[in-house]
Amino acid sequence: MRYFTNIDDILSIEDAIAKARYVKQHPFADQELGKNKTLLMIFFNSSLRTRLSTQKAGLNLGMNVIVLDINQGAWKLETERGVIMDGDKPEHILEAIPVMGSYCDIIGVRSFARFESKSFDYEETILNQFIKYSGKPVFSMEAATRHPLQTFADLITIEEYKRTERPKVVLTWAPHPKALPQAVANSFSEWMNETDYDFVITHPKGYELAPEFVGKAKVEYDQNKAFEGADFIYAKNWSAYSEPNYGKVLSTDRSWTVDSAKMALTDNAYFMHCLPVRRNMIVSDDVIESPCSIVIPEAANRVVSAQTVLKELLIGLNK
Amino acid sequence: MRYFTNIDDILSIEDAIAKARYVKQHPFADQELGKNKTLLMIFFNSSLRTRLSTQKAGLNLGMNVIVLDINQGAWKLETERGVIMDGDKPEHILEAIPVMGSYCDIIGVRSFARFESKSFDYEETILNQFIKYSGKPVFSMEAATRHPLQTFADLITIEEYKRTERPKVVLTWAPHPKALPQAVANSFSEWMNETDYDFVITHPKGYELAPEFVGKAKVEYDQNKAFEGADFIYAKNWSAYSEPNYGKVLSTDRSWTVDSAKMALTDNAYFMHCLPVRRNMIVSDDVIESPCSIVIPEAANRVVSAQTVLKELLIGLNK
Amino acid sequence: MRYFTNIDDILSIEDAIAKARYVKQHPFADQELGKNKTLLMIFFNSSLRTRLSTQKAGLNLGMNVIVLDINQGAWKLETERGVIMDGDKPEHILEAIPVMGSYCDIIGVRSFARFESKSFDYEETILNQFIKYSGKPVFSMEAATRHPLQTFADLITIEEYKRTERPKVVLTWAPHPKALPQAVANSFSEWMNETDYDFVITHPKGYELAPEFVGKAKVEYDQNKAFEGADFIYAKNWSAYSEPNYGKVLSTDRSWTVDSAKMALTDNAYFMHCLPVRRNMIVSDDVIESPCSIVIPEAANRVVSAQTVLKELLIGLNK
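These protein sequences, in sequence, are chains A, B and C.
For what it's worth, my numbering labels the leading residue of the first sequence as 8, then goes sequentially.
For what it's worth, my numbering labels the leading residue of the second sequence as 8, then goes sequentially.
For what it's worth, my numbering labels the leading residue of the third sequence as 8, then goes sequentially.
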């Protein structure tokens with residue numbers, strides 16, 4: 008593996024799950040791979056789970072880990088040629104990124120959607136600059152349009168908890184007071200579409216995800232209907248994707264909050280969320296505290312997904 | 008050992024001293040214990056000594072160390088159930104803390120008294136949330152009411168420098184321009200009360216510590232009298248504990264500053280302070296620069312106390 | 008080696024180059040030297056290259072690395088005796104620095120010129136306080152008047168790329184919108200004066216460096232003439248040194264920008280810069296993107312210079 012930014016970077020769902028299983032059972036078995044290799048984690052946005060779990064994954068693999076926080080506002084890199092750089096941008100991307108690449112073996116980048124320009128976000132401008140100019144393997148620690156380490160952890164979790172060969176998995180929109188990126192929902196859809204699960208997306212009208220992420224998924228606007236017979240409820244808020252509403256909050260309708268009545272429609276489904284979660288907006292207290300809530304083991308699997316990816320990138324270094 | 012937050016977590020003063028002595032003599036002897044174990048240090052308040060010494064202690068033990076700075080103001084966790092989280096608190100404590108616990112083996116927490124509510128402070132609300140919800144061993148890197156790693160280092164230092172079996176140790180209040188917590192003074196009293204030292208506390212009226220910390224200590228309002236025959240002078244400022252003055256500065260009386268004239272009343276006592284110290288408020292230049300000042304070896308022993316505690320917590324993991 | 012702050016700390020240019028060559032070829036050969044040794048990197052100013060490269064150098068040597076960011080504004084240490092510390096300075100330098108020294112084996116310090124006082128800057132007040140009070144080996148990660156790790160990396164790079172025994176090396180001032188320290192230019196001159204290269208400095212009138220740094224170098228005010236026959240062009244902006252203009256920008260004359268026409272005057276010279284660089288102020292796009300630009304390998308050699316210095320400091324610990 009040379010990059011890990013979307014589903015195309017894994018061989019197959021089955022292969023990824025098998026590799027993750029091995030890593031989870033043998034967390035310290037591959038320290039020779041990571042020895043004297045440096046992981047550089049670059050954060051343009053703050054992070055708790057991704058920061059801690061990825062750092063731990065690197066350390067489990069025996070890597071040296073360097074964390075670099077870059078205030079998004081302070082990261083003023085010139086990207087154009089021909090500009091007389093006498094303003095507030097002290098460095099050009101064509102120097103900054105190769106230099107960072109020269110001080111490490113693998114680079115992780117976190118860079119959220121900025122909601123200033125849909126094309127800037129959906130072209131993954133920042134992440135792709137690192138891929139293009141760093142000269143090193145790059146992986147996404149959540150980028151503008153996807154959060155594949157989260158989704159990989161979600162997949163591992165579903166595989167651990169599923170009670171039928173082909174579970175019904177429902178991604179449901181839920182209300183949130185602020186505008187959030189589509190990244191988690193996009194990634195989740197992208198990966199679920201590669202499984203043979205029965206995958207359904209439910210959200211209010213206007214919250215349609217980009218068609219390339221929806222793919223072959225069933226879209227059901229009636230949340231109650233979507234929940235019927237579900238084995239896993241994956242709740243998440245996202246802002247509107249479609250213009251002219253890109254990045255906007257269209258609804259905070261709390262009738263979409265996942266509560267006990269809704270969960271009663273399911274086949275005793277597990278409740279999942281990537282966290283952090285706003286209680287009684289996204290999900291009620293009793294659901295998230297119930298035995299069916301697997302949000303903590305889901306978060307714990309972030310170490311497993313990150314470590315599996317880092318291991319593959321390390322193997323890729325030697326090829 | 009499962010937790011280290013107060014004196015009840017050690018077997019005995021004698022045992023703690025013996026263990027510290029071993030660690031100091033063999034700083035790198037226990038790296039098998041720490042191998043592949045992750046220490047997460049969480050700072051709600053800034054720190055120089057605690058941060059560096061605890062990090063070094065963990066590294067000496069072969070641990071992986073992850074430091075997380077959380078701005079106290081930004082740490083807006085919901086703690087109540089039933090709240091519709093549509094405001095400025097993006098996460099509930101019941102998710103945030105277990106997740107942090109899932110990414111490490113041992114957690115250190117620094118969280119000062121906030122002086123907003125005496126009960127919030129004296130119930131050690133923040134520290135106890137970590138104990139209750141993290142699922143991992145927790146130790147205090149200075150909490151609202153105690154600073155046991157500091158006191159343990161103080162004890163080690165006194166044991167190294169004492170010239171009589173039962174030294175006279177005097178904790179003296181000294182003036183400071185800003186309101187400081189009682190944590191260091193509380194802890195020092197708590198531990199000294201478990202030794203067989205002759206332990207005296209001296210401070211102006213109004214600066215009485217909580218009775219549970221004063222314990223069997225002699226309280227002497229006449230500083231000069233307290234200093235007579237002392238072997239160790241331990242200076243520290245603290246704000247008032249008693250209501251209605253909790254957290255307030257009642258006096259900045261510089262006649263309480265520890266100077267040469269005061270030290271002349273002692274039995275050639277050593278001078279101690281946890282640092283940082285304001286010169287010529289707490290102590291005069293000539294006293295802190297004199298051969299009797301042991302503030303630097305005292306600070307250096309912070310590595311020893313932290314490493315001894317971490318070692319015991321690591322041993323506890325395997326039980 | 009006990010300190011590394013200027014050229015006097017190395018045995019000779021030849022010895023330094025030979026040692027660097029060994030380190031570059033055997034980056035992981037000396038991990039026994041660094042085992043259980045702690046490197047403390049203290050930053051009073053922000054840093055990208057120095058931070059990452061020095062951290063990597065320490066890790067390559069098997070050291071434990073602790074990074075401490077100290078906001079220059081927040082670092083309010085009292086330095087005088089006799090002051091009643093009831094103001095905004097919470098600690099005296101005579102306590103703060105020895106304590107930091109007690110938690111590590113080697114200290115790196117970054118502290119830029121402040122331009123408030125030429126004597127404060129040129130006496131290297133901050134760096135020398137660490138040398139005087141820490142009790143530990145200290146190295147400069149760029150101080151007020153010099154940046155020796157950068158210059159050492161520059162030297163390594165020139166040695167790698169030079170095509171003649173005695174290349175002509177030209178340090179040229181170039182325009183920049185903000186006032187920058189003289190540190191890089193000073194160090195570069197200091198080291199070049201110890202080589203047998205043909206070393207020339209060129210800058211507009213008023214930008215004369217301190218005579219002790221200019222040394223035996225040829226100073227040529229005509230940039231075109233300076234460039235004739237050059238093998239290496241080392242571009243850098245600096246602010247005025249001479250009073251009453253210390254720290255001031257006297258010119259932003261873009262006729263000094265290094266462009267293709269200027270480079271055509273040279274003997275197919277390599278272009279060097281310490282980065283970050285403002286394009287089309289310091290250097291044109293086409294020059295920095297041309298095959299003669301070696302700014303990225305120059306930056307990569309920062310790991311080599313830092314590791315060579317750290318290795319010598321580690322050897323010094325055992326003497």
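Some hints here could point you the wrong way.
In this list, chains with the same sequence are indistinguishable; a pair is considered to hold if it fits within one copy or across any two.
What the hints assert, rightly or not - With a straight-line cut-off of 30 angstroms between C-alpha atoms, the simulated DSS-like cross-links for lysine-lysine are:
{"hint": "1", "residue 1": "Lys42", "residue 2": "Lys31"}
{"hint": "2", "residue 1": "Lys175", "residue 2": "Lys31"}
{"hint": "3", "residue 1": "Lys212", "residue 2": "Lys42"}
{"hint": "4", "residue 1": "Lys42", "residue 2": "Lys96"}
{"hint": "5", "residue 1": "Lys31", "residue 2": "Lys232"}
It is worth saying that the hints were derived from the structure and are not from the lab.
Violated hints - listed by number, lowest first:
3, 4 and 5
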